[in-house]
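> Next come the chains, spelled out residue by residue.
Protein chains: 2
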Amino acid sequence: MKKDDVFQDSFEVNEAVYQGFLNTFNDHNPLHTNPDFAEKKGFPHVVMHGNILNGFLSYFIGEGLPTKDVMIISQAISFHNPFYLNDKIAFTAKIKDVTASVGVYNFKYRFTNEANKLIAKGTIQIKLLA
Amino acid sequence: MKKDDVFQDSFEVNEAVYQGFLNTFNDHNPLHTNPDFAEKKGFPHVVMHGNILNGFLSYFIGEGLPTKDVMIISQAISFHNPFYLNDKIAFTAKIKDVTASVGVYNFKYRFTNEANKLIAKGTIQIKLLA
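So the protein lines, in turn, are chains U and C. Counting in numbering that gives the first Met the number 0, the first sequence runs from 0 upward without gaps. Counting in numbering that gives the first Met the number 0, the second sequence runs from 0 upward without gaps.
Isolated chain U (complex conformation) (with noise of 0.2 Å):
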């Protein structure tokens, strides 16, 4: 892995990710579970969470390197545009700097949607595991 190295994935917002997520953390609040409470607050569906990506993060770093021997120790996320159930989301992340003496990584990283459209993004610092 060096500066500038591209990874690219996508992910599927399906039943199954939402109910695990449901399912796994409770929280049921209305935007994410009512869809007439969506609608009177604007959005044409129930809104998936948005930590659901988080879990996809996740999921990139501990299967989606060249390496299972790293870390993570922070990550960002600013959240663009809502996302629906059965969005196809693709994920772009780039290394942005390398602390080689330390085994520090830090990318930055993207969502969109199938329209293009920016869902989220933000930074993560990994670390190899010796």
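Derived from the structure by calculation, the hints contain no laboratory data. Check the hints yourself; a few may be wrong.
[What the hints assert, rightly or not] Here are the simulated lysine to aspartate or glutamate pairs, DMTMM-like style, with alpha carbons at most 20 Å apart:
| id | chain 1 | residue 1 | chain 2 | residue 2 |
| --- | --- | --- | --- | --- |
| 1 | U | Lys40 | C | Asp8 |
| 2 | C | Lys67 | U | Glu38 |
| 3 | U | Lys67 | C | Glu38 |
| 4 | U | Lys116 | U | Asp8 |
| 5 | C | Lys87 | C | Glu14 |
| 6 | C | Lys40 | U | Glu62 |
| 7 | U | Lys107 | U | Asp3 |
| 8 | C | Lys126 | C | Asp96 |
| 9 | U | Lys126 | U | Asp35 |
| 10 | U | Lys126 | U | Glu113 |
| 11 | U | Lys126 | C | Glu38 |
| 12 | C | Lys93 | C | Asp68 |
| 13 | U | Lys2 | U | Asp86 |
| 14 | U | Lys39 | C | Asp68 |
| 15 | C | Lys95 | C | Glu113 |
| 16 | U | Lys87 | U | Asp35 |
| 17 | C | Lys39 | U | Asp68 |
| 18 | C | Lys116 | C | Asp8 |
| 19 | C | Lys1 | C | Glu62 |
| 20 | U | Lys40 | C | Asp68 |
| 21 | C | Lys67 | U | Asp35 |
| 22 | C | Lys40 | U | Asp96 |
| 23 | U | Lys39 | C | Glu62 |
| 24 | C | Lys39 | U | Asp96 |
| 25 | U | Lys67 | C | Asp35 |
| 26 | C | Lys2 | C | Asp68 |
| 27 | C | Lys126 | U | Glu38 |
| 28 | U | Lys95 | U | Glu11 |
Given the coordinates of chain U, work out where chain C should sit on it, guided by the hints.
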């Protein structure tokens, strides 16, 4: 909700949460699933996924505030110590500032384990839904 308000909760990282996260997001990195690997890397047990804490944050924002009319704008987390299966994690959040004109609230939060060790801390920004 006003500046300096404090919220507290606790979460158990039990088998249902661990398996729910694994099955939802498929991050089977050996640090999280292979006790021998975790031990070789210097940990007493498999390390739980840091992003489980982001699921707990979703629950806090979605279900733990005095209002349900909220949406997350951004969040950040830094991981300070690993946590393990069956750990009981205490959560504290405090409102750092409020921009009432736009309904934006900034929280800082921390997760600690039963030994009062810092597991993770960060910030989260939410907006009230009109």
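> Checked against the structure, which of the hints given earlier come out wrong?
1, 9, 10, 13, 15, 16, 22, 24 and 28
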